[in-house]
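Peer 1: Each chain, letter by letter, is given below.
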Amino acid sequence: GAGVSQSPRYKVAKRGQDVALRCDPISGHVSLFWYQQALGQGPEFLTYFQNEAQLDKSGLPSDRFFAERPEGSVSTLKIQRTQQEDSAVYLCASSLGSSGRYEQYFGPGTRLTVT
Amino acid sequence: AQKVTQAQTEISVVEKEDVTLDCVYETRDTTYYLFWYKQPPSGELVFLIRRNSFDEQNEISGRYSWNFQKSTSSFNFTITASQVVDSAVYFCALSARNGNDMRFGAGTRLTVKP
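So the protein lines, in turn, are chains A and B. For the first sequence, our numbering begins at 1 and goes up steadily by one. For the second sequence, our numbering begins at 1 and goes up steadily by one.
For the record, the hints were derived by calculation from the structure and aren't laboratory data. Yeah, the Cβ is synthetic: ideal placement off N, Cα and C, and Gly gets one too. Some hints could be false.
To be verified - From the derived model, a few chain B residues whose C-beta atoms are all more than 10 Å from chain A: (1) 11; (2) 44; (3) 63; (4) 95; (5) 101.
Stated by the list, open to error - Using 30 Å as the maximum straight-line C-alpha spacing, the simulated BS3-like pairs for lysine-lysine come out as follows: (6) A:78 <-> B:70; (7) A:78 <-> A:11; (8) A:78 <-> B:113; (9) B:16 <-> B:38; (10) A:14 <-> A:57; (11) A:78 <-> A:14; (12) B:113 <-> B:70; (13) A:57 <-> B:113; (14) B:113 <-> B:16; (15) B:38 <-> A:11; (16) B:16 <-> A:57; (17) A:57 <-> A:11; (18) B:3 <-> B:38; (19) B:38 <-> B:113.
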């Protein structure tokens, strides 16, 4: 079956540009997560959706970061006025349920480079 | 607060050697879940195993085995008879009961040389 897909796989943006990163979770998965992974580091939690509700956005680094999942399926992470420190791989994950016991399935990530 | 520590940044072994990747965690929750993920050079995180805090039984899956010890807050991962294809970055992760905030360690880069 289809896994989690993300697009684009690579994105180069000039500082100050807005970017939008897309995530298609596994069909039927209730929970959707966004993570930021800096080079040589583990993924850092950004935000969490349960269906269309954004239940936790405590990890978003600034108000330039915005995520949505309007119909409880596809999600978009938007970064406004990109800065060089935003350069990272952005990972999306989905899981079947809303409890911590469910493993998360990850997409291939979007590598964002801000020049 | 939850925290995962993987003290080994990089490990290099020769094929067929056994190797253990260490993971130590901190949490105040009584119910929690521990995970190991593999991130090969392609970049996609691959789920390997999940353990819950009430089950301390060790688990073996082929060449992989996991040792969960609550007394030392550790969840170590051993690869027996390592192969070149095992080369990857391995992440240990911790999730609370509500599941909306998985904490990852910094990862251990394993290189298996032929």
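Peer 1: Hints first: check each against the structure and report whether it holds.
Peer 2: We went through each hint and held it up to the structure:
no., hint, result
1, 11, "holds, 15 Å"
2, 44, "violated, 5 Å"
3, 63, "holds, 20 Å"
4, 95, "violated, 4 Å"
5, 101, "violated, 5 Å"
6, A:78 <-> B:70, "violated, 40 Å"
7, A:78 <-> A:11, "holds, 13 Å"
8, A:78 <-> B:113, "violated, 41 Å"
9, B:16 <-> B:38, "holds, 19 Å"
10, A:14 <-> A:57, "holds, 26 Å"
11, A:78 <-> A:14, "holds, 15 Å"
12, B:113 <-> B:70, "violated, 33 Å"
13, A:57 <-> B:113, "violated, 42 Å"
14, B:113 <-> B:16, "holds, 9 Å"
15, B:38 <-> A:11, "holds, 24 Å"
16, B:16 <-> A:57, "violated, 44 Å"
17, A:57 <-> A:11, "holds, 23 Å"
18, B:3 <-> B:38, "holds, 19 Å"
19, B:38 <-> B:113, "holds, 18 Å"
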